[in-house]
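*Asks:* Each chain, letter by letter, is given below.
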Amino acid sequence: MVLARVLSATSFGIDARFVEVEVDVGAGLPSFHIVGLPDTAVQEARERVRSALKNSGFAFPPQRVTVNLAPAFLKKTGSDFDLPIALGILLATKQLRSLLEGTVVLGELSLSGELRPVNGVFPVAHFLSLQGKPYRMLLPLANAQESAVVEGIEVFGFRTLREVCDFLEGQQTLRPLKRSWEEYLASPSFDEDLAEIKGQRQGKRALEIAASGGHHLLFIGPPGSGKTMLARKLPSLLPPLTIEQAIEVTKIHSVAGLLSEDHPFITAPPFRAPHHTVSDVALIGGGQWPRPGEISLAHHGVLFLDEVLEFRRNVLEALREPLETGKITVSRVNATVTYPARFLLVLACNPCPCGYLGDAERPCTCSYQQILRYRSKLSGPLLDRIDLQVEVPRLGVHELLSEREEESSGAVRERVKQAREIQKERFRGEGILLNGEMKSRHIKRFCELSQEAKRFLEASLKSLSLSARAYHRILKVARTIADLEGKARIEVSHIAEAIQYRFLDRQSRL
Amino acid sequence: MSDDLPFWVAFSHVRGIGPVRFRKLLSTFGSAAASWEAPFEALREVVGERLARCIVAARKMLSPHELYTATVREGIAVIPWDSPAYPALLRSLSNPPFLLYVEGEFSFSVHEKYIAIVGTRRPTPYGVKAARFFARELAKAGWIVVSGLAVGIDGEAQRAVVEEECPTIAVLGSGLRRIYPAVHLPLAREIVRRGGALVSEYPPGFGPRPEYFPLRNRIISGLSCGVLVVEAPRKSGALITVDFALEMGREVFAVPGPIFSPQSEGTNALIAQGAKPVQRVEDILEAFGFSAPAPLELTEVGECLSEKEALLFSYIDHVGVFKEELLERTGWEEGEFFQVLLTLEMKGLVQEVPGGKVVRV
Chain S
506 MVLARVLSAT SFGIDARFVE VEVDVGAGLP SFHIVGLPDT AVQEARERVR SALKNSGFAF
566 PPQRVTVNLA PAFLKKTGSD FDLPIALGIL LATKQLRSLL EGTVVLGELS LSGELRPVNG
626 VFPVAHFLSL QGKPYRMLLP LANAQESAVV EGIEVFGFRT LREVCDFLEG QQTLRPLKRS
686 WEEYLASPSF DEDLAEIKGQ RQGKRALEIA ASGGHHLLFI GPPGSGKTML ARKLPSLLPP
746 LTIEQAIEVT KIHSVAGLLS EDHPFITAPP FRAPHHTVSD VALIGGGQWP RPGEISLAHH
806 GVLFLDEVLE FRRNVLEALR EPLETGKITV SRVNATVTYP ARFLLVLACN PCPCGYLGDA
866 ERPCTCSYQQ ILRYRSKLSG PLLDRIDLQV EVPRLGVHEL LSEREEESSG AVRERVKQAR
926 EIQKERFRGE GILLNGEMKS RHIKRFCELS QEAKRFLEAS LKSLSLSARA YHRILKVART
986 IADLEGKARI EVSHIAEAIQ YRFLDRQSRL
Chain X
-1 MSDDLPFWVA FSHVRGIGPV RFRKLLSTFG SAAASWEAPF EALREVVGER LARCIVAARK
59 MLSPHELYTA TVREGIAVIP WDSPAYPALL RSLSNPPFLL YVEGEFSFSV HEKYIAIVGT
119 RRPTPYGVKA ARFFARELAK AGWIVVSGLA VGIDGEAQRA VVEEECPTIA VLGSGLRRIY
179 PAVHLPLARE IVRRGGALVS EYPPGFGPRP EYFPLRNRII SGLSCGVLVV EAPRKSGALI
239 TVDFALEMGR EVFAVPGPIF SPQSEGTNAL IAQGAKPVQR VEDILEAFGF SAPAPLELTE
299 VGECLSEKEA LLFSYIDHVG VFKEELLERT GWEEGEFFQV LLTLEMKGLV QEVPGGKVVR
359 V
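Note that the protein sequences, when read in sequence, are chains S and X. Positions 506 to 1015 (my numbering) are the ones given, in order, by the first sequence. Positions -1 to 359 (my numbering) are the ones given, in order, by the second sequence.
Taking lysine-lysine and the DSSO-like style, the derived pairs with C-alpha atoms no more than 27 Å apart in a straight line are: (1) 274(X) with 138(X); (2) 967(S) with 345(X); (3) 959(S) with 306(X); (4) 959(S) with 929(S).
Hint data in this document are derived by calculation from the structure and do not stem from the laboratory.
Working from the sequences, and respecting the hints, build out all of it.
*Replies:* What follows is the structure, encoded as structure tokens:
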């Protein structure tokens, strides 16, 4: 009897693999089997395909149907294979004459025969474009949008199984969907703008430094002082993503199923703010079938942890490796995958348990011991990676009503871009891009101080009793401040400003 | 008498037996030993059913002689109310503690000028500076500073005295082997090393309890000729010390503070009620009929400031100004602004405080 082959593919990590769907329809008692390490969702394709075929006006063969998903060692998950299986059955039963060479099919079927979008199509499209062959993709219409930007392949989107068949039979001609990168990249649209915040000059300045040098940031301030608002503006200060970055970010979001028809392609640095009840798996990535976590969704963007002390300890501990390496490897029984995770970390917390320490209007009700205990939770390995600790006070009414013209994100972004250029030039061949990534040997080499600045730093370390750890952070941040001014050498004013961003070190005596 | 001392110690371990009840027992049974061994019915007559039960329970568990020798072996002196080593000023109260646990070489009978320095646990930089200043100057003038070893004004004052290598008395609201707050354990050791004393009316192993602290404050003011309150908000333990001091007829002094500072509300109110405002050490010394010691060395402000430093300094007051506001007023760039601010801070003229503000020190 007849054997039909349909080519499909599935995402793996943020890459993709080919999957060949073989359908054999032969004599025997009517049955329907799927083999090739399918999970439950794939097994259930049997019911969806059977109904979808019937309701699209086709006949389901009253014979023995065997579907094999090759390669057999690769675990298959999800509903991607509904459409290829359905087409395979139609081919095997001669209800469909042919499937053109080089066609890759993905899609979920509803019982009525409509096509539903699936996750992780973008990595597949990108994978196909790298094969050096003009593959054709047949996809649900919703998924077609995100893949239409990929060069070197032809993408066709459909609403129903019937439409797919009509197209393959030549009863309907369709032009491949095409959208250009430039269309998206040209206008990275930010919903947020720095100009919306009145006052908070220090907070804004810290954002600018963080964006320029890739420094992780901690905001400390009472409730309602605007820590979250400030953090939300940070992506708008970052340079727009390059095409390579945008592809990488879009892949991650595609795997996580976060692309929509309106935003099929991600061009702006992402902003992720998981709630403090988040589990370590949701934050880091993982699960029985590994999925990217919040840290990977924040790749090339900002990860914001509000009320950082409320997060579970193991969750925060898990951030250490990705902060160090810029990626995370998730090992599970079924698969080991590596997701990129290079993000700017922004933390926020209250200055004390009640939140109002030092507030102008509400008195703080915490005891000295309570505050010490609270602060001690902040210390530790995570805080060690935070270069900027900035206090965000709750400002009075007159600051909020000030008439001063506030600077827009675009203006700041220009300065950030220039500072980043300087750093790129400096670190050529060093394997790093930003001041925030400097190791101690880089600091020794690149953080040259003027004589005066050296004396000033030594004096202030002594009189403010700052630790040796603070010393390195101060130099890194001072380097970025000097870069923002285009100065080759670090001057006194750069050091003085950098010391301002060691809030916790300096408040040891409360 | 010394045969009776172990039983005094034993009674101090019974919660609920204070000076009043203890004296009642003494006058009824003649001695602490006799009271300790008195029959339940007789005890009930004197102290009531509940406490009598406590005493009966305690004497089943405690061995007075072992308790006493263990305490002495620890290097802790036990000074009963009728001992000549007992602080004379404290004894003159109507109901002083019947027993004091004391650690340190300090002898109460040798010294007679005691002054308490008390205040809030959450001082401003101004308060810390004032506490340290008066403590140091008074110690140099031969006064013994008495305080409660608490975080804040108390601890700062005592630390300043210790740094001058002078003796100071710390009265605890817990046993001498349960120093509270624990962060002041090193300070407590230093006080003993410098010839001062740690004093408690509670047995060494007793932990701190909220109800002990007002009683502790009573001892602080009882030990002293006068009480200096440096900074105290409206509801402060320091004001309890003042109430006791007034009851006992001690002098009360207060350091005036800014009218907008909550930490000075209590002290300013005291001044309004008639406490003596203190601006110089002489103000205290004169009240006791002593003349001033050597003239003070006040740091001259303004001598070594650059033009910009002087300008920024003039914008900063004792209550606190937002850095944001200062940035705005000076109109300087961040780098320049912070350089000037940090220089002022390093010269010890201003300090940053929580809430994004700067104050004059």
